[in-house]
Structure formats: C-alpha cells, structure tokens
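From first to last, the protein sequence lines stand for chains A and B.
Here numbering that gives the first Met the number 0 is used: the first residue of the first sequence is 0, the next is one more, and so on.
Here numbering that gives the first Met the number 0 is used: the first residue of the second sequence is 0, the next is one more, and so on.
Heads up, a few of these hints could be off.
Here are the simulated distance ranges between beta carbons [unchecked claim]:
#: 1; chain 1: A; residue 1: 145; chain 2: B; residue 2: 291; range: 42 to 48 Å
#: 2; chain 1: A; residue 1: 126; chain 2: B; residue 2: 107; range: 48 to 54 Å
#: 3; chain 1: B; residue 1: 162; chain 2: A; residue 2: 151; range: 27 to 33 Å
#: 4; chain 1: B; residue 1: 170; chain 2: A; residue 2: 71; range: 46 to 52 Å
Partner residues are not named here, just some residues of chain A that face chain B (Cβ under 8 Å, in silico) [claimed, not checked]:
#: 5; residue: 88
#: 6; residue: 100
#: 7; residue: 102
#: 8; residue: 118
#: 9; residue: 165
These are computed hints drawn from the structure, not numbers from a lab.
All residues carry an ideal CB built from backbone N, CA and C; glycine is no exception.
Here is how the chains run, residue by residue.
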Amino acid sequence: MSSPTAGGGPVRDPAQRGAVSLRGVTKRFGDTTAVDQVDLDVRPREFISLLGPSGCGKTTTLRMVSGFERPDEGRVIISGADTTDVPPHRRRVNTVFQSYALFEHMRVAENVAFGLKVKRQDRETISTKVAQALDLVRLGELAERYPAQLSGGQRQRVALARAVVNQPEVLLLDEPLSALDLKLRQAMRHELGRLHTELGMTFIFVTHDQQEAITMSDRIAVMDQGRIHQLGTPTEIYERPASRFVADFIGETNLLDVTLVGTEEGAATVRTPSGEVIGRVQVEGARTGGECVLAVRPQRVVVVAEVAPEPQDCTLFGGVLVDLLFLGDATRATVRLPDGSELVAVRHNEAGTHPFGMLRPGDRVKVGWLHEAACLLDR
Amino acid sequence: MQTAASQRARRRRVAALLSPGLGWITVAYVVPSVLVFIYSFLTPKLGGGVIWEFSTETWQEIVARGRRSEAGWGTVGAAALRGMLAAAAAGAAGAAIARYLGRGGARGVLRAAGAVGALVGLHHLAIAYNNYSAVFARSVVWSLWATLICAALALPLAVFISSRRSPLARNALLVAVMIPFWTSMLVRTYAIRFILANTGPLNSIIEGLGFDRIAFLNTRFSVMLGLVYTALPFMILPLYAAVERSDGVQLEAARDLGARPPQVFLEVFVPLIRPGLIVGSVMVFVISVSQFLVPALLGGGKTNMIATLLGLQFGTAFNWPLGAAIATLFSLITLLSLYALIGRKDEVELL
C-alpha cells in the first residue's frame, strides 16, 4: 500500500499544490462538538481566513489541517492527497503558533534552521535558506540573538521565518497578531499581505478579529459553534451577510425584527413591530413569509431633521435622536423608534462640518435607509 | 538619589537578615570541616579520640600505602586501554545518534566521549590502586549510575503526573511520591532487606514458581536498588516542576517543523526540562554518594561506600585521624564531582 504523498512525495496534480479540502470534517471533545460537519475548499495560493468568536471551532479546524487533531469523521485533503492519517511531522504544512512557541534555548538563526536541520539538509543550503528567510522578515541582523532578547513583533517575525523557510505548501497562522499592540498589528497586516504575495503559498489564517480578516483575506469563512456560516469574499460577507450571526459578528449592524408581508422580483415588503411598512428590501433566496430580521449597516442609515424633504429611494420613519457620540474619525447617532427599538447611524467627520447637521439629542428626526442597503435574514 | 547614609543603613539591614543563616552555617559546617581537616594530621588514640601530636602517618596510609599487590604498570595500561575503548564506544554511539538526529555537533560528541573514557579509565585505575581509592571510585561511579537510572525512571513518571488533567489526581500522585518521606529511612531500608532476604517474600514467590532461590541481598544489585529507591523522589519532584513549567507548544512546533519523535525529545524536550534535570541529578548524586544505611544494611559490608568506610573508622576501628582524612577527601571529591556535573557558570545560575 502506498502511503499518502502529502508527506513530501510527489504531488499527483501540480495544479492541486497548496489546495486544502475538508470533507465533512467533525471533531468532538467529550460531549462537545468542536467542529461539526465542515466542508471547505481552499484554493491554491489563496489567503483564506477562518473568522469567529473564541470556541467556534476555528483553531480546531486549523489543527486538523496541521495534523495535531485527527477528525472523528471526514477527510482532510492537502494538495490533492488524502492526509487525514499523516502525522504532523510528515505534512508539507507549517504553522505560526499564537504564542509563537519559539525554541528559547536556540538562537534566532537556529530556530529558523530547525525545520531544515531535522530534514538533514546540508549545511550550505541551510545557511543560505535561513539568511533568505531572515531577510524576508527583515531580521537579518538579529540572527545571533536568543528569543528572550527580542520584542513581541520580532518574535512574531522569527516564528514566520521559521515556518516559511520550509517552503510549505500551506502556511497556517493561528491568531498570530493577537499578542501584538495595535500599531504593530496594523504594520504586521501589511507585512503578511506582502509575504503572501511574495511567497505564493496558501495562507489559512485563524482570527477572531473581523478587521484583520476583512483587510487581508481573499475569502473569509465565518464560523460559529463548529459550523461555517458563510464563505465569501470580504465584500460579500460585509454587504450580504447570509445569517443573523454573520451580520452581527462582522462590523456593527442594526437588526430589526420584522414580519415579511410579500416578495416580488427579488424585493420584499416587510412590516416593523410598530406598524411601518418598508418596501423593496433585498432578499437572498426566496422567503415566503413569517418572522425575519432586517439588517442595515450604520453607515447606510440616513438620519434627517423631521422637516427635511424625503430623499429618493428611501423609506423614512419617525423617531427621536437619543444620543450623539463623537468617535474621533466619525460620529455615532442613536435613534429610538416608537416601538422602543434603536437604530444606529455612523457618519465620517468631514473637516469643518457636523455630520448630522444641527441635530441635537432629544430632537424628533426621520430615519431610514436606501432600499438596496437593507437585507433580510432569518431570525 | 541614595545618600551614603541610607546605603549604609540598607547594608546593615541586609547584614542583619543574613547573619542568622550565615552563623548557623559557620557553626554547623565551616567549624567542623576545619576541625576535621586538623584531626587528619593528629595521632590516633587507642579507643577513639586523638592525641594532639602532629603526624602525616594517616595521609601516607591513604595516599601511598594500602596498595594492592597486583597494582603496577600493567594495571595502569589496562585502565588506559579500557578508558580508550569506552571513549571509542561512547564516541561511536554519540556520532550515530547525532547522525540520526541530523545535526553536526562533532565537538559535543567528542567531548562527551572523552569524558566517558576518562571516567572509565580513572575508575579502573582507582579500583586497582588501593582500598581507599577503590571505595571512593565505587561510590562516585555507583552514584552516577543511580543518577542515570533515577533520571530514566523519573522522567516518564513526571510527564505522566503532569499530564493528568484533574488537579486532584496530580496532587494525589505527588503525595504518593512523597509518602516514603513519612517513614524513617532506617525502617524502610530494613523493609527492603526483609523483602530481598533469602527467606523473604520475594524468594518465596520465586521458589513457588519452581525456580531456585536467588541471593539478592549483599550484592551490587541490592545496593543499587536501595540507592535508586532512596533518591528517586528527589529526581521526580524537580523534573515534575520542570515539565509542568515547560511550554508544551514548543513540542508541537518541533513536530510541525518536521521533527520525528526522537528528535523532538532530544532537541526540544530535554533542553526544556534541563534545569529540573540538573537539580534532580545534583540531589540524587549527593544523596547517593553519601549513603550510609543502604551499603551498610543491603551491601552487608562487602560493598563499602565512602560513608560506611567513614563510620567504620570512627566507630569500630577507632582511628579518628583516618576517618577525618577520608571525610576531607570525601568533601573534596563531592565538590569536584558536582563541578563536573554542573559545569559552566550559566548552568549554576539555573539552580
């Protein structure tokens, strides 16, 4: 019987190099199901993010790709070969760990050389590759330091260099930025994007930070309770969330409980609890009726004075402005509707003008949104 | 800024805090050590004690006399040959391991092989030289063996204990390791003696199975068993602490980078728990090399170790200066062995 080839043997189909497929993968820990029947196809050289709150199963999914967990059901296919039963050290996959897990008793260069050394590459090859990897993460001059002598950002770069020096087909990143401070995190986002372009390998990036996922990924898989709720480009996920969970988790969203009255030509008419009827709401798929949720991004919510003329393509209804919050680069307005629910609007602050005109908390206002801005989701 | 006066006050406080401990060490260790050194140059008094009369007789006895008849240049040659053979064997084994692990480290292998060879050569030389050097060599080498065996036995136990999920199970196991401390060493050693005796339970079982009785007692086996048994907890506890403190993700990282399990163990796990290994080795070695009860009760006088020889001089033979000289040499050899075991300065800091 031939052993699976993902351990370093020839890849059967070069076009499949770097592709990862999960087929009905399930992992249970005792009574809890960490990952539940997940199907996922990662394309070669793609930057894909697994995004979700802690405990959603994203790290477990990653560990099944790296080989540290064996799925109870389903198959893991890497570069076209079934890798489910291949131990971690024989997979052409490398991980950047959340805590970096640098070898504290080795110098930076020895850390980076480790993967090549255990594979018994010759000394010249090792030193060339290590130098290249350290240059790639701009750490060349720190090669002789010990990890304890490095800053958090530098340790992170060592972890990256140590993984990519092995030229894995897939690079797994387990929340690699979460231990860094804000400034460094933003810098490392660009750095990771640059590395992904330069290295041309598949990146699977696990994060709970939607901002990271949105700015870096080709595609995002939003996970919750062991399942993938939506898989799509950052724009799709942001503009067209497929479920209430996705809409709520990605960015800030206004969610209104509504009743579906009718649909025609892909647009729906719904009724709010306080009785307003809103027409031409975007609908994904066919819904016949019943209780739904209406999702609108705060950036798309319009707030105008009660006396202002009604804009086109926009349904407005009455409310009271209860709060104005200055956020620095933007201002956030909260409007209370007659039924007690609240809508949030966010406007960027332009120099010299107030984003919500002369409105003050306590004013009666009209609030609404452009028709195509709202979408209807299952409750 | 600190003024000179406040600095002086601070120094006084530090001195006040240190003085009870330092005083204790002075009275209980430094003064007796000096006294013992002086005694070794006095004349033995019949029935114990010393006559205050300077004499180098004792040191001559230990260093120059008491020589075994067969010791000669042949013995030296044989010892050197054995040392070289041991060095070659250790070097070959080390090189094979290094090659399997895929790393250079030629200097490290050579150094380790040289150390093994020197140890083996010295050991044989000492055994052949005279009765005193033979006892010293035996004590050191047996203690090294006990250290190795303890490390090999304790490591899986430490990993097992620390891998228990529930704190209750972990604590129960740790207490189980420490339970022997609650009983007197003397009682426990007699218990082992009883178990191993020719008419003891172990031999009854062996006879019941249809085999001949085995003379366990008063052999190297029984002494080594006693040494390892006594010192084992002192290896388990520091190793457990080291395993507990170590960053397990580093082991995963090594696997992730392609290291096979033996490589993960030697290249990442052992360095991770190295502080615990050093502390445990020092404790086991010191406890074993100064063992009195085990060689006395389980070795039956045939296999003297340093402490039993010492006891003999002060007790039965009533030659206090000889005992004092042995004690002085003993301290010296323990210090040297510890230095060889711990070695460089950065590792002393780990303690």
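Each hint, compared with the structure:
1. 145/A - 291/B: 42 to 48 Å: Since residue 145/A and residue 291/B have Cβ atoms about 44 Å apart, the given range 42 to 48 Å holds.
2. 126/A - 107/B: 48 to 54 Å: 19 Å Cβ-Cβ, so the 48 to 54 Å window is violated.
3. 162/B - 151/A: 27 to 33 Å: 29 Å, holds
4. 170/B - 71/A: 46 to 52 Å: For residue 71/A against residue 170/B, whose Cβ atoms are near 32 Å apart, the range 46 to 52 Å is violated.
5. 88: Where the cut-off is 8 Å and the nearest Cβ of chain B is about 5 Å from residue 88/A, the hint holds.
6. 100: Where the cut-off is 8 Å and the nearest Cβ of chain B is about 4 Å from residue 100/A, the hint holds.
7. 102: Cβ of residue 102/A sits 6 Å from chain B, so the hint holds.
8. 118: 5 Å, holds
9. 165: Since chain B brings a Cβ to about 7 Å from residue 165/A, closer than 8 Å, the hint holds.
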